[in-house]
Amino acid sequence: MYLRHGAFSYLPALTEDEIAAQVRYALLNGWPVSVEYTDDPHPRNVYWELWGLPMFDLHEPDGVMREISACRAAFPAHYVRVLAYDARLHRQTIALSFLAQRPAAEPGFRLDRSESGGRAQRYGVHSYATGAPAGARYHGAGYHVPEEP
Amino acid sequence: MTSQETGFAMDRPGVSYGRGRPPEASEVTAPAPLGPDERVDLHAEDATTKVRAVLDALDAELVGLASVKARIREIAAMLTVDRARARFGLVASKPSLHMSFTGSPGTGKTTVALRMAEILHALGYLRVPRVHAVTREDLVGQFIGHTAPKTKEALAKSAGGVLFIDEAYYLYRPDNERDYGQEAIEILLQEMESERGDMAVIFAGYPDRMETFFASNPGLSSRVAHHLQFEDYSKEELTQIAKIILARDNYRFSTEAEQAFADYLNRRLSMPRFANARSVRNALERARLRQAGRLLGLRGTVSRDDLMLITEGDIRASRVFSEPDAVPPGEAR
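Those protein sequence lines, which keep their order, are chains A and B.
With the numbering used here as the guide, the letters of the first sequence map in order to residues 2 to 150.
With the numbering used here as the guide, the letters of the second sequence map in order to residues 64 to 396.
Simulated from the structure, these hints should not be mistaken for lab results.
Any given hint could turn out to be false.
As the list claims (entries may be wrong) - Residues from chain B that keep clear of chain A, each with C-beta distances beyond 12 Å, as calculated:
{"#": "1", "residue": "Arg146"}
{"#": "2", "residue": "Met262"}
{"#": "3", "residue": "Ser385"}
Claimed, not checked - FRET-style restraints, in silico, Cβ to Cβ:
{"#": "4", "chain 1": "B", "residue 1": "Ala147", "chain 2": "A", "residue 2": "Thr16", "range": "28 to 34 Å"}
{"#": "5", "chain 1": "B", "residue 1": "Lys113", "chain 2": "A", "residue 2": "Glu50", "range": "32 to 38 Å"}
{"#": "6", "chain 1": "A", "residue 1": "Gly109", "chain 2": "B", "residue 2": "Ser279", "range": "55 to 61 Å"}
Claimed, not checked - Covered, in the sense of this in silico footprint (three residues per stretch, anywhere, with C-beta under 8 Å from a C-beta of chain A), are these stretches of chain B:
{"#": "7", "segment": "188–201"}
{"#": "8", "segment": "215–229"}
Glycine residues also receive a C-beta, built at the ideal position from the N, C-alpha and C atoms.
Isolated chain B, as found in the complex (with noise of 0.2 Å):
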């Protein structure tokens, strides 16, 4: 290799030297696109692999949740078909990953988003599966000329990943037309307008206040390729996401204490402020605060069964049953 080669010289007068050279068309050229005749198998694709892989851990992890699911399956169908098409050099527009996952509170929104990164990374339109979580006030500022800045750091670290914007019908304040939360929904926009940009954006939030949000800014709706509906849980899957999360943690109810949570479900789901999985997440979180306390009074020894085991006392002491129109703490919101 010479130093015309590589661009290393030492400083020689009358010599011009290397100021980079461009890279050469033998090294920028995609791989050629297949023959209208060759034949390609989804399925033995490595990421189809991966997809399934991710699919089935969502089918585990989440209880109930069908329509969704069926959803995420579609894009993820026409996604990999996309990349099909691509290879044998069919011209597809860019796909939208833009999405927006409305939904009561505790119904799976978050983890939905995590798995959604880890789908769109395994067919190559994110560079990372990461999740970069934000609310308004990562988004919009105090003063003038505070906003873009905030936005445009949200965005750059969300690059390449999924930009999750949590209750974001915050953004937009309607009594507040000098609000600065239009600001960075246009930001946003140019964002999701852009061609070259490898992230999806994922509006996230409460069924009706999302309505009206997407109502008010018709040209963010329209950029959102995705509306995903995250219904509520009926009482069985609540009772079963209870035994997931005991059985993860290394607990078990008895019997009667299993009568007794169905009992409490049945009171707690007719009060205000429920929030599902995270309600029934928050319930066990007390029994076991009630069963640690039991046990702790008890004198003598405990078993290994004793630590695992949550009776019915310490569902039946929680406040649902002894002031009906209490609402356990921690849940307000």
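So here's chain A without its partners, still in its complex pose (with noise of 0.2 Å):
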């Protein structure tokens, strides 16, 4: 299942240079920009760990592509994304965010349904990943990675 997670997920995935395009942009508004990496993309992990500090006073996204490059290479099978926070009084939150990259077999998510009192039904987003523990998944260990259709 290919994971739709920040902006341009519907698009292509981002080459570099459409990357350091988008960083640009970023750094141009004034927003700090931040690397953070995960191997748990449930849609409730809103809390990746992060890749070093945001960095700031930037003017060009060498520093940035730079890092990206180093979580790639120390997580090759992690999600990697970038941020934009926007530190503005009155907005103060993330501005952009988008994948740098995802791992090369997604095994998804299945729905757990349960039932609750009064015939209530309860849902549940369940990540086969999760079933290796943090740092073996997405490495085909341990759960059965589907075929390319």
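Make one complex out of these two single chains by using the hints.
Here it is, written out as structure tokens:
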């Protein structure tokens, strides 16, 4: 299952130049850019691991691209996303977030339904990848990776 | 356009949807090189025009420095020719843009660095005409593991522009072999070596100490292509600088004040810690202070001319005249 996460997720995967252009756009807006990674991309998992601190006072995307490359090299089978934070008063939130890397094989999620009081139906989302311990996910160990259609 | 081309598709079981498409060959190829019989007018190029504008601005803005200006013209000419060669498909190794500026304080090293960034940008070697000025504190850390991130951060901030390392010799402390400065130098070297890097590193500092700095880091010295030597200004040039500064700020000397300022320079030049143009600017700054005090002490009204005029008294009240051994405040380094 192709994970749709963040901006541009319904577009083809961004090339390096396109990522650099998006980072440049964020920097031109004065948004510090940071890099995060995870192997638990559950929709409710909003806090991914920080790859270093946010990068302040940059003008050109080179420094960010270097950090993205370093993060990919360290976590070749993780999701890596790029965040741009708008610190202006009244906004103070993530202004742009998009994936810069995804694992080769993504087993996807299972929808869990459970009964609760008064025949109410409760739903949960279960990531197949979390069957393996953190750090060992998305390598094809511990679960069956469906063939690409 | 189909979803195959755009990669845009909703999830449909059994259908392969786009995972990005590689850039097509037609999109990435550079313009075809010129044929061997074609001719290029170096002076008609847009970049050459821009470079000439910057060089003219440099001439207008900076007094003296003839040798530096000549070197900058040479460098600009070489880079322009390199560009033209590239258009014919002639292979040229990527020119080294790293430089060292050595000269006494106040000889215009920072100003020239700004202009240099503009020239390199006009010629397309830098993405932005920006200068990121750093000193030892911005590059060297306080403890183990602190230096590399700091240096890399400085490099990231100056990406695509000029990294201007002021008083670069402080990076290297020969008396302390565990100093982290060496680590910063190694990271800088790595970055200066890299082919993809489109940044220029300028090392600046006072001549004698830069000499020892480069002597103790031969790897660094050989990777710096252009060594520019900034000479001290002569007395005439300093007078000219003073006039330019005054004219820019809408002030002027009276005839006697001009003579007094020449006397001032004579005395000041023989004193220690003379910082060329910076000392001149500071001296004028203090003359303006005294002029303001004098005008406020007057009873009655002042004219526009009074507000612009710096008189002999404003200059002669300087401590340089009363205490020959005193160094004017603010110039003790």
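At 12 Å, judged by beta carbons, does Arg146/B keep clear of chain A as stated?
Arg146/B clear of chain A: closest Cβ-Cβ about 22 Å, beyond 12 Å.
Does the Cβ distance between Ala147/B and Thr16/A fall inside 28 to 34 Å?
31 Å, holds
Does the Cβ distance between Gly109/A and Ser279/B fall inside 55 to 61 Å?
About 59 Å separates the Cβ atoms of Gly109/A and Ser279/B, which means 55 to 61 Å holds.
Within 8 Å of chain A (C-beta), three or more residues of the segment 215–229 of chain B:
Held - the segment 215–229 of chain B has 8 residues with a Cβ nearer than 8 Å to chain A, which meets the minimum of three.
Minimum C-beta separation from Ser385/B to chain A exceeding 12 Å: can you confirm that?
46 Å, holds
Would Met262/B pass as off the interface with chain A, using Cβ distances and a cut of 12 Å?
8 Å, violated
Go ahead and decide if the range 32 to 38 Å is satisfied by the Cβ distance of Lys113/B to Glu50/A.
46 Å, violated
Using a Cβ cutoff of 8 Å, are there at least 3 residues of the segment 188–201 of chain B near chain A, or does the coverage claim fail?
holds (count 3)
Of the hints listed earlier, those the structure fails to meet are numbers 2 and 5, in rising order.
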